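Asker: What follows is the residue order along each chain.
2 protein chains.
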Amino acid sequence: MKRNLLLTPGPTQIPPEICAALGKPIIHHRTPQFQENLKEAIEGLKYVFQTKNDIYILTSSGTGGMEAAVSNLLSPGDKAITVEGGKFGERWTEICQSYGVVTKVIQVPWGKAVQASEIKKTLDADKNIKAVFITLAETSTGITTDVEAVAKVVNHTGAVLVVDAVSGLGVVDLKTDAWGVDVVVSASHKGLMLPPGLAFVSASEKALKLIETSKSPRYYFDLRKSREALADVDTPFTPAIGIVIALNESLRRVKQEGLENLFAYYAKLAQGTREAAKALGLSLFPDESCISNVLTAISLPAAIDGGKVMKIMRDTHGISVAGGQDTLKGKIIRIAHMGCVDEYDILTGISCLEKVLLKLGHKFTLGAGVAAAQKVFNS
Amino acid sequence: MKRNLLLTPGPTQIPPEICAALGKPIIHHRTPQFQENLKEAIEGLKYVFQTKNDIYILTSSGTGGMEAAVSNLLSPGDKAITVEGGKFGERWTEICQSYGVVTKVIQVPWGKAVQASEIKKTLDADKNIKAVFITLAETSTGITTDVEAVAKVVNHTGAVLVVDAVSGLGVVDLKTDAWGVDVVVSASHKGLMLPPGLAFVSASEKALKLIETSKSPRYYFDLRKSREALADVDTPFTPAIGIVIALNESLRRVKQEGLENLFAYYAKLAQGTREAAKALGLSLFPDESCISNVLTAISLPAAIDGGKVMKIMRDTHGISVAGGQDTLKGKIIRIAHMGCVDEYDILTGISCLEKVLLKLGHKFTLGAGVAAAQKVFNS
Numbered sequence: 018m019k020r021n022l023l024l025t026p027g028p029t030q031i032p033p034e035i036c037a038a039l040g041k042p043i044i045h046h047r048t049p050q051f052q053e054n055l056k057e058a059i060e061g062l063k064y065v066f067q068t069k070n071d072i073y074i075l076t077s078s079g080t081g082g083m084e085a086a087v088s089n090l091l092s093p094g095d096k097a098i099t100v101e102g103g104k105f106g107e108r109w110t111e112i113c114q115s116y117g118v119v120t121k122v123i124q125v126p127w128g129k130a131v132q133a134s135e136i137k138k139t140l141d142a143d144k145n146i147k148a149v150f151i152t153l154a155e156t157s158t159g160i161t162t163d164v165e166a167v168a169k170v171v172n173h174t175g176a177v178l179v180v181d182a183v184s185g186l187g188v189v190d191l192k193t194d195a196w197g198v199d200v201v202v203s204a205s206h207k208g209l210m211l212p213p214g215l216a217f218v219s220a221s222e223k224a225l226k227l228i229e230t231s232k233s234p235r236y237y238f239d240l241r242k243s244r245e246a247l248a249d250v251d252t253p254f255t256p257a258i259g260i261v262i263a264l265n266e267s268l269r270r271v272k273q274e275g276l277e278n279l280f281a282y283y284a285k286l287a288q289g290t291r292e293a294a295k296a297l298g299l300s301l302f303p304d305e306s307c308i309s310n311v312l313t314a315i316s317l318p319a320a321i322d323g324g325k326v327m328k329i330m331r332d333t334h335g336i337s338v339a340g341g342q343d344t345l346k347g348k349i350i351r352i353a354h355m356g357c358v359d360e361y362d363i364l365t366g367i368s369c370l371e372k373v374l375l376k377l378g379h380k381f382t383l384g385a386g387v388a389a390a391q392k393v394f395n396s
Numbered sequence: 018m019k020r021n022l023l024l025t026p027g028p029t030q031i032p033p034e035i036c037a038a039l040g041k042p043i044i045h046h047r048t049p050q051f052q053e054n055l056k057e058a059i060e061g062l063k064y065v066f067q068t069k070n071d072i073y074i075l076t077s078s079g080t081g082g083m084e085a086a087v088s089n090l091l092s093p094g095d096k097a098i099t100v101e102g103g104k105f106g107e108r109w110t111e112i113c114q115s116y117g118v119v120t121k122v123i124q125v126p127w128g129k130a131v132q133a134s135e136i137k138k139t140l141d142a143d144k145n146i147k148a149v150f151i152t153l154a155e156t157s158t159g160i161t162t163d164v165e166a167v168a169k170v171v172n173h174t175g176a177v178l179v180v181d182a183v184s185g186l187g188v189v190d191l192k193t194d195a196w197g198v199d200v201v202v203s204a205s206h207k208g209l210m211l212p213p214g215l216a217f218v219s220a221s222e223k224a225l226k227l228i229e230t231s232k233s234p235r236y237y238f239d240l241r242k243s244r245e246a247l248a249d250v251d252t253p254f255t256p257a258i259g260i261v262i263a264l265n266e267s268l269r270r271v272k273q274e275g276l277e278n279l280f281a282y283y284a285k286l287a288q289g290t291r292e293a294a295k296a297l298g299l300s301l302f303p304d305e306s307c308i309s310n311v312l313t314a315i316s317l318p319a320a321i322d323g324g325k326v327m328k329i330m331r332d333t334h335g336i337s338v339a340g341g342q343d344t345l346k347g348k349i350i351r352i353a354h355m356g357c358v359d360e361y362d363i364l365t366g367i368s369c370l371e372k373v374l375l376k377l378g379h380k381f382t383l384g385a386g387v388a389a390a391q392k393v394f395n396s
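These protein sequence lines map, in sequence, to chains R and D. Heads up: take any position in the first sequence, counting from 1, add 17, and you land on the numbering used here. Heads up: take any position in the second sequence, counting from 1, add 17, and you land on the numbering used here.
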């Protein structure tokens, strides 16, 4: 009778209707029938991305989309800014360096977000910087970057702004066109409630110019091929057909709810989760100024091993949250509130967290976390 | 009431049990539960690949696996042999050239397979050639390469042999270890009856040495990362979880049937398809000496447009076969017999082909194709 609840930052829960779509018989991808699906998917993605730019669908994890951004925009020896304030920011550096891109790394303490002014300073110091890579929701630490402020700074320069929105798209606001974000990378298995297998990359006119001139080797992730295929409502290589078809189920839901409503919805789930943590005598890991509505990172008392909390919640009670990564291993747990999750899922998660904390000897009033979250949800 | 029968060379039909597995609720990939699935999948793949070598699972189409082979084995300026006798052979050349690999291209007329002696001659002429790229089943033309003969030639040299078995794995014999094939690339949506989304790459000791030394830029497809993760029963990036789990359904079926039985089974389906074509007064496109059991390429009379045949079969009758590509456009149709297909599917396909040929004015005895195939299936 054990449930299998995912409050993890990807994969997220898949609603039964989308599971059903994934179990449908397959159709061939080079058919008018699939083209209709592909067309609808691209249109739906444009709504979620808040853009009129091209969006390319790649069959890969989000990291494949990130690599596509780097290898298509930059050539070996080009300079780029990356921001290291968590695991996914570090990934931008790693990918850039794999391609011989010279990285100007801005270090940010884990739990804080980069300031637009720091990016401005770095851009001002070197007019040859061609790209700025940031992370919308750094799920390793629970922060959200102020993309709008960064975009204001980058838009005045020749550099392109690339945002890893793998986590965060459809959960928190990202006005690709209105803010002037050149490239947005996302994936299927986070806010969009699908299994992993698809990455999405949008590209502005400014980005397309770089894509045409980049000298980095690439084939499968060559966005010139994607662009050419897109013009014929096609993909250059066989796509993950089943996930593309299910994507339309997801996109119809998102459209029906409306983006603004979704952002408010997740903000409330996040606030409830934060209040619950505080009511249990726990502190929030990230800085209040940049705390994320995508995922709540909760610091645990030194006496309690976060890895143990995560494992007991998952293996004994069937409720999955994430532990800490790297230096945060054992020190935090992370509760995601993105995709197909509602207030009762959050209450379930908090209730289970209370159960395990009680068992591990943490002192608090049983029920305090759940009540605090309920208070938010009913306000 | 129209059926949706795929006799196409990928995607192939997905059996209902595998569709059901694809529709299951998702589990997280960094869990003991998923690790069990991953372990079972790797073991099952080793059976199908006929190898004890490492097998890496990538989330991509087959082309991603092909690119992984090139970028991990070779550095810019390295020399490699590719064989162009169809679209997929050409793809090896294109990928190599994208990575600055110097290609010694062996041209083969479409419909013929490369001779091992030609590869020997090219290898003998240049001792610096580091890799030989061939195609097990060239589905654009309907031939199968004699991999065993090529392996005998390559094994005496310092070069590695890389086989694109995206089509063909589990359909025709490929003794990776016994023949000495260094790298085999395959994918989920052909013989393995799954949706597209996964590629598989096996690597011998000889290949692993190159993988450690290659200077080509790579990140998502970096097989060093895959190897490291595999040692921990993990993948370096979020895999297409749902397809990995469904893969085990497929691999259990393959194991239960037994590879040798499957090869004989598909050989019979292929023979039936060929006899049917001949009985309809059509000729087979590929050379008899290398004709494939994976897919039958049938030449059409000049008066009949193959594209039209394909479209009427699909759009009017719900039965999908493939048309010709490039210079073969309109001149051939291709009927695949791989994955989840039985003799009644083939009879259905032939019967539909007869209906359409009749309509388009081709002269033959109605029923002759079906009867010829039946004769083979009942012999």
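Read the hints as simulated data drawn from the structure, not as lab findings. None of the values given here were measured: they were computed from a predicted structure. Any given hint could be a false lead.
[Unchecked claim] The calculated lysine-lysine pairs, modelled on BS3-like cross-linking and capped at a C-alpha distance of 30 Å, are:
| no. | chain 1 | residue 1 | chain 2 | residue 2 |
| --- | --- | --- | --- | --- |
| 1 | R | K56 | D | K41 |
| 2 | R | K147 | D | K242 |
| 3 | R | K242 | D | K328 |
| 4 | D | K325 | R | K56 |
| 5 | R | K104 | D | K348 |
| 6 | R | K242 | D | K348 |
| 7 | D | K325 | R | K104 |
| 8 | D | K346 | R | K242 |
Asker: Next, verify each hint and record whether it holds.
Answerer: Consistency of the hints with the structure:
Using a Cα cut-off of 30 Å, the hinted pair K56/R and K41/D holds, with the two alpha carbons roughly 27 Å apart. Restraint check for K147/R and K242/D: the C-alpha separation of about 28 Å stays at or below 30 Å, so the hint holds. With a CA separation close to 26 Å, the supplied pair K242/R and K328/D stays within the 30 Å bound. Between K325/D and K56/R, the direct Cα distance comes to roughly 24 Å. Compliance with the 30 Å bound is thereby established for this hinted pair.
Pair hint K104/R plus K348/D does not hold up; C-alpha atoms about 53 Å apart against a cutoff of 30 Å. Pair hint K242/R plus K348/D holds up; C-alpha atoms about 26 Å apart against a cutoff of 30 Å. For a cut-off of 30 Å, the pair hint linking K325/D to K104/R is broken: about 53 Å separates their Cα positions. Among the hinted pairs, K346/D with K242/R is consistent with the structure: their alpha-carbon atoms are about 21 Å apart, no more than 30 Å.
Taken one by one, the earlier hints fail for this structure at numbers 5, 7, listed in ascending order.
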